[in-house]
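**Q** Sequences are here, hints too, so could you generate the full structure?
Every letter in the sequence shown is one number past the one before it in UniProt numbering, and letter 1, counting from 1, is 1.
If you're looking for bench data, these hints aren't it; they were derived computationally from the structure. A few of these clues could be false.
[As the list claims (entries may be wrong)] Cross-link-like lysine-lysine pairs, in silico, DSS-like; alpha carbons within 27 Å at most:
#1 Lys308 - Lys353
#2 Lys30 - Lys150
#3 Lys357 - Lys378
#4 Lys308 - Lys357
#5 Lys353 - Lys165
#6 Lys165 - Lys308
#7 Lys30 - Lys237
#8 Lys357 - Lys165
#9 Lys308 - Lys287
[To be verified] DEER-style ranges, computed between Cβ atoms:
#10 Asp216 - Pro299: 44 to 54 Å
#11 Arg135 - Gly358: 21 to 31 Å
#12 Val309 - Lys357: 12 to 22 Å
#13 Leu153 - Thr132: 17 to 27 Å
#14 Glu104 - Arg360: 52 to 62 Å
Fair warning: this is a prediction, and the values are worked out from it, not measured in the lab. Note that beta-carbon positions come from the ideal geometry of N, C-alpha and C, so glycine has one too.
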Amino acid sequence: MSDPANLPQQSAGQSIALPGSDLFEEVRRKLVDDLGMVQVDRRGQERIYRPRAELLAEAVTPETFVMVMDWLSSTRRGSLQTKRGYVDDIRRVWGTYAQELGHERFTLGCFTADHIRTWRLRMEGRGNPPTTIARYLNALSSLHSYAATKTDLPRNPVTQDDRPKVDKGNTSRSTPVLEVEEVQRVAAQAETPLDLLVVSLLYTLAGRVSEMCTADVTDRIERGRRSYLDVTRKEYKERILPLPVTVAEMLDEHTAHRSEGPLLLDREGQRLDRHDVARLLTRLGRKARVLTCPKIDGPERHTFTKCKVCRRLTPHVLRASRITHMLDDHVDLAEVQAFADHDNPATTVGYWKRRNKGLRNAAHVDAAEAVFADIVPKFRRDARPGWSAND
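**A** Structure, rendered in structure tokens:
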């Protein structure tokens with residue numbers, strides 16, 4: 001693993017230069033730590049990680065690296081997940097595209113509007129959804145606009161003409177929601193206590209995977225008869241969440257008298273990370289036959305990853321399911337918003353709208369089906385002796 005001290009340094013006159021090199025070094029190290037680590041390889045049971053900032057430094061020029069770090073230090077990008085997502089978009093999408101155009105590394109100003117037009121058309125031709133294209137363009141445009149206030153840059157290459165129109169009413173790519181009995185089926189497939197603990201934590205707390213994976217044993221708090229977990233939510237928000245008795249008992253068993261270190265460990269004794277959780281939930285979801293199509297049990301070979309119907313069970317599916325089930329139970333919207341820690345009430349309302357729209361649409365088609373109630377029975381197999389599908 002490389003020392004963050006080897007990453008590009010601040011140049012004189014650039015925007016986040018601070019009085020005194022020690023003070024700047026402290027700020028720079030915090031930004032590097034915020035970006036976290038990325039798993040880049042796996043050798044048997046050993047996971048290989050590298051700092052995300054280091055990977056960014058390899059994909060962009062030193063001057064652009066400093067500007068990206070400056071951009072990320074803005075309070076408008078307070079969420080760790082947002083920062084990390086932006087860095088991944090810059091290094092993987094725009095760094096790769098810059099190299100494809102003949103640049104050694106991505107640098108601000110290396111793209112023209114024509115380059116962006118070509119890129120967008122190619123992405124559309126490959127079937128990438130408008131939401132994904134828009135996200136990548138937003139990252140590039142935001143960085144360019146920010147940098148333009150600090151230095152002289154050509155016009156922003158991302159124009160309104162190349163921003164896809166995103167259908168906000170489109171629910172086809174929304175996070176799927178499991179029904180209560182499906183959550184129970186997933187839990188019933190647990191092969192180890194850790195499997196059940198992960199599912200229980202994510203669902204009962206409507207938690208995010210980052211909160212669970214970064215929690216330490218010392219984040220457990222005992223107050224009277226109740227056990228709590230101190231978690232760090234988006235935008236560094238600290239929350240103390242009560243634990244259900246059964247989950248607290250499972251955590252007691254899992255931590256096994258440990259007084260420090262990660263709260264959740266894998267079977268090798270290493271901190272559980274989001275990749276581990278993703279594999280765990282994918283396995284349980286397939287075994288429970290949730291978010292899968294009927295072909296998965298058919299006689300023909302079925303490739304889960306290529307199927308357009310099968311979806312992976314992800315941590316956010318469990319979070320979305322818990323929030324939706326609270327709305328199903330008529331919990332007040334403001335209370336659901338507070339429990340889910342949604343900054344914008346529109347986010348919570350979105351869950352309510354999707355759920356109710358689905359129920360209303362189901363009622364409409366069921367009502368239409370009643371029109372044919374007296375006719376359909378005539379053509380059922382059991383009502384027509386000798387009937388075949390070719391008739």
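**Q** Against the structure shown, which of the earlier numbered hints fail to hold, in ascending order?
**A** 3
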